[in-house]
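Given the coordinates of chain A, work out where chains B and C should sit on it, guided by the hints.
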Amino acid sequence: MSEFIQYTLQGLAAGGFYALSALGLAVIFGVLGVVNFSHGACYMLGAVISAVLLAELDLGFWPALLIVPVVMFCFGVLMERLLVRWLLALDPLYNFLLTFGLTLVLVEAVKMRYGVSGLPYEVPAGLGGQVTLGSVSLSTYAIFACVFSVVVCVAVGLLITRTRIGMIVRAATEAPERTRALGINVGRWVTPVFGFGIALAGLAGVLAAPTRAITAEMGSNFIIILFAVVVIGGLGSILGAVVAGFLVGLVEAYGIAYAPAYAQIVIFVMMALVVLVRPSGLFGREEIA
Amino acid sequence: MSEPAPKPAPKPEPDRAPVAAPARRHTPMLEVTGMSAWYGEARVLTDVSIEVAPGEVVTLVGRNGAGKTTLLRAVMGLHRQLQGSVVLDGVELTRASADRRARAGLGWVPDDRGIYASLTVAENLLLPPVVHDDAWSLERVYDFFPVLHERRDFPGTKLSGGEQQMLAMARVLRMGSRLLLLDEPSEGLAPVVVERIGEIIRAITAAGVGVLLVEQNVRFASTVADRHYLLAQGRVELHVAGEEFRARESELLTHLGM
Amino acid sequence: MRSRKIHGSLAIAASASLALAACGGAGGPQSGGSSGLSDGKVVIGLLNDQSGVYKDVSGPNSGVAIQMAIDDYKAKYGDKAVAKTIELVQADHQNKADIANSKAQEMYDRQKADVILDVPNSAAALAVATQAANKKKLYINISAGTTALTGAKCNKYTFHWAYNTGVLARGTAGAITKGGGTTWNIVYPDYAFGQDMNKSFTAQVQAAGGTVGQSIASPFPSDNFATFLTKAGEGNPKVVGSMHAGGDLINFVKQFNQSPLKGKVTLAVGLMFITDIHSLGLDQFAGTQFTDAWYWNFDAQNRAWADRFKAKTNVRPSFANAANYSAAMNYLEAVQAAGTDNADKIVAQLEGKKINDVFLRNGEVRKADHAVVHDVYLAKVKSSASEDWDYEEILKTIPAAEAYGPANPACKLG
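Protein chains in written order, with this note's numbering: chain A, 1494 to 1782; chain B, 34 to 291; chain C, 26 to 439.
This is chain A alone, in the form it adopts within the complex (with noise of 0.2 Å):
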């Protein structure tokens, strides 16, 4: 029993991380209809840089969680004048293929200038070791990683629930072309929030950086992880990513627990049957599918 309780933390505790991860991805979807390929190569620049402002500027985990998401969302508003926003009108098609194509140049030129093999990380002084009550234990990094994610996540909720911003945001998301019709110039909002997204992607990145490899391909792998998370919690929805996150944290947990060599395809096969049974996914609208 005791060990179902530690996967059970462990599952949540990932889970929160996923939640955060794919967010971004969420709510770019959302607003623009973009599918970000590019999310995992974001995710990564996100802890390439942290690891470069220590090695270079001897700036640690702190200065980096306010630094990196300021600089990736520059970069976010980048992306978006200067490639995303030129192929908004056509098929979504052409932007998955546009980021995809992002992803292959951000991975090779973060592997021309820092290498394959990886670059060096702590973990912030105060998080190392673990915490343990009786027989259940766990790291100190994640419980911080996922309560962090948590608030993160709140945050963003709240600021899409509860401000004006948010509002507009959540008509431009449900009918862009009607909520421009009442007014609301809603290309003006789109670039903040393609930047926002991105930020968010640099935002885990940091996160991610004391606790798994930094090297130009981690966001390869974790970016078809976050896409079964946004599809599981229907595109664009947020709460649905969240939910979704900690649903995969723990059906990962569970699956190396119960079956470790299928850990990943249970992820998949729970991406399979929830759009087969609601095809919009968990949080969806209907009108998506």
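Treat the hints as calculated values from the structure; they're not laboratory data.
It is possible that some hints are incorrect.
What the hints assert, rightly or not - With a straight-line cut-off of 25 Å between C-alpha atoms, the simulated BS3-like cross-links for lysine-lysine are:
#1 C:K121 to A:K1604
#2 A:K1604 to C:K335
#3 C:K405 to C:K181
#4 C:K437 to C:K160
#5 C:K224 to C:K121
#6 C:K405 to C:K263
#7 A:K1604 to C:K99
#8 C:K99 to C:K263
#9 C:K181 to C:K337
Claimed, not checked - Sample of chain C residues with no beta-carbon within 10 Å of chain A, all distances over it, derived:
#10 A122
#11 N249
#12 T313
#13 D413
Every residue, glycine too, gets a C-beta built ideally from N, C-alpha and C.
Chains B and C only, in chain A's frame:
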């Protein structure tokens, strides 16, 4: 649905019916000139010109596919493939984006009501920016439509069809739109609700707001409209005053094939 | 219309790459010096991972090492050198067996390579070994670990220079188990290399009198090892063995350090390169034990060579870099001794040869299976470095015979 006393009493004006058929009472507020529109290769509007004066209700009547909804969308700036000009209150809007047209005073109420499921009733009302000094305050909206006040924290789409229609109209009134583009407001509603919508239309036009109304429900259209444009195959077939329309109703409808 | 366009651009791309390959390959025929050489020159092909996960371990820097061997050979023999013209050609196999196969074919046929060196990734190495056997040209594998190269899939023209998974298992599992780490749990990535490593390690732990409680397969690649680590800690083993490589290894070790296992159990790593320690930092790996085929700071001889290498590359050599040097040098020595680059004569020269050089200590090219056996080392990651790249403490030299065991009877060399 109880009757609140609307502040500007919607009494029908005595001189409501125009004297001559294609006449109007004031200088036009909305002028659409030489509008043609396409869907790909297919031409859906051909050289349509219409006008709406302040406080006037003008309908577009025609069977399905005659191009009525396309015309509304074209006026709103939501249809790209077109020719022709749109002027509102003397302001040239032909090249303006939909959001600019809305801020210039056009208020679109689409045939599906366009209520946001992800916004509450109150948020649906508060979403558009206020664009005119005559915009209704939220209090006035709630006064006029008490049901919206009762349901203000419900998701927009939890309302009944009639309530959604009122919400859609209230939304553009709160915005302060000067000219409403109403697409089939009576569609799918019970007769008593349709009657209520007629009263609302009369109330808002009394305050000088113009209404361009697309209607299939000819009986309803004839009770509220000052003038009618009869559309067939994307052209204006006939332009008649309300009285003449009422007199020749069955003949005209047969002509239109309705 | 669209598909025609795509086909068109594909055709252009294909012909462009053909043209490029031709340019790279031709290099201009050179009028032959000595009569013993095919087409008057010796061509050494380096086929490895120039862009992917093994790039830092043995990528372009192994080319630098081979060039050092070429220079040393020329300096040593001067005018008496049999191979007056020596060319080095390199290609990236991107860790894919099919690409390795076609690149090897191209190197042997078009670029006239007399020997191909390196080829990390076991599937790629086996593909190249098959090409070598078919073309009757030499192949000296350095950085792939599979024991099949000197076992069931061995052939006359293929040599295995630096290490294999059996060596890693005998070294790491044997030494740690004998040192008291008798109960193990193993986590391995679920593909050929990981499964192979798991089998070898389990066998060696048991041979040394220990037990393996659990062998847990992890999907490849994996980012999240938290729950794997929980499972690996079940039954309170003394040792947890990670058979991962590259990013998976780093993920595993980082998360191991954040788990309750840290400090309680010994972490044994199946395959580790000095570049892994360099990239992750000493703090993360400190105390980890593994088998190293060669360490640059082991003695003065190694260090002197490592200094030369660093002057050219600005990094310290991995064992794969040094092994590429050693293989190239010994190949050229064999050419010198045989007076020809004829593959059969070179094989005859190499077989049974006892070698002591900068890489091989007590080395021997074993005639029975073409394993190049030599002393290897049980290493422990230091907790602080006195200089850059000074990461390993050599706990023990494992003699060649102990490290390699007897020749695999499955290998039948014609």
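Hints, verified against the model:
| no. | hint | verdict |
| --- | --- | --- |
| 1 | C:K121 to A:K1604 | holds (18 Å) |
| 2 | A:K1604 to C:K335 | holds (21 Å) |
| 3 | C:K405 to C:K181 | violated (36 Å) |
| 4 | C:K437 to C:K160 | holds (19 Å) |
| 5 | C:K224 to C:K121 | holds (24 Å) |
| 6 | C:K405 to C:K263 | holds (16 Å) |
| 7 | A:K1604 to C:K99 | violated (35 Å) |
| 8 | C:K99 to C:K263 | violated (52 Å) |
| 9 | C:K181 to C:K337 | violated (35 Å) |
| 10 | A122 | holds (19 Å) |
| 11 | N249 | violated (5 Å) |
| 12 | T313 | holds (15 Å) |
| 13 | D413 | holds (13 Å) |
Hints 3, 7, 8, 9, 11, counting from the list given before, are not met by this structure.
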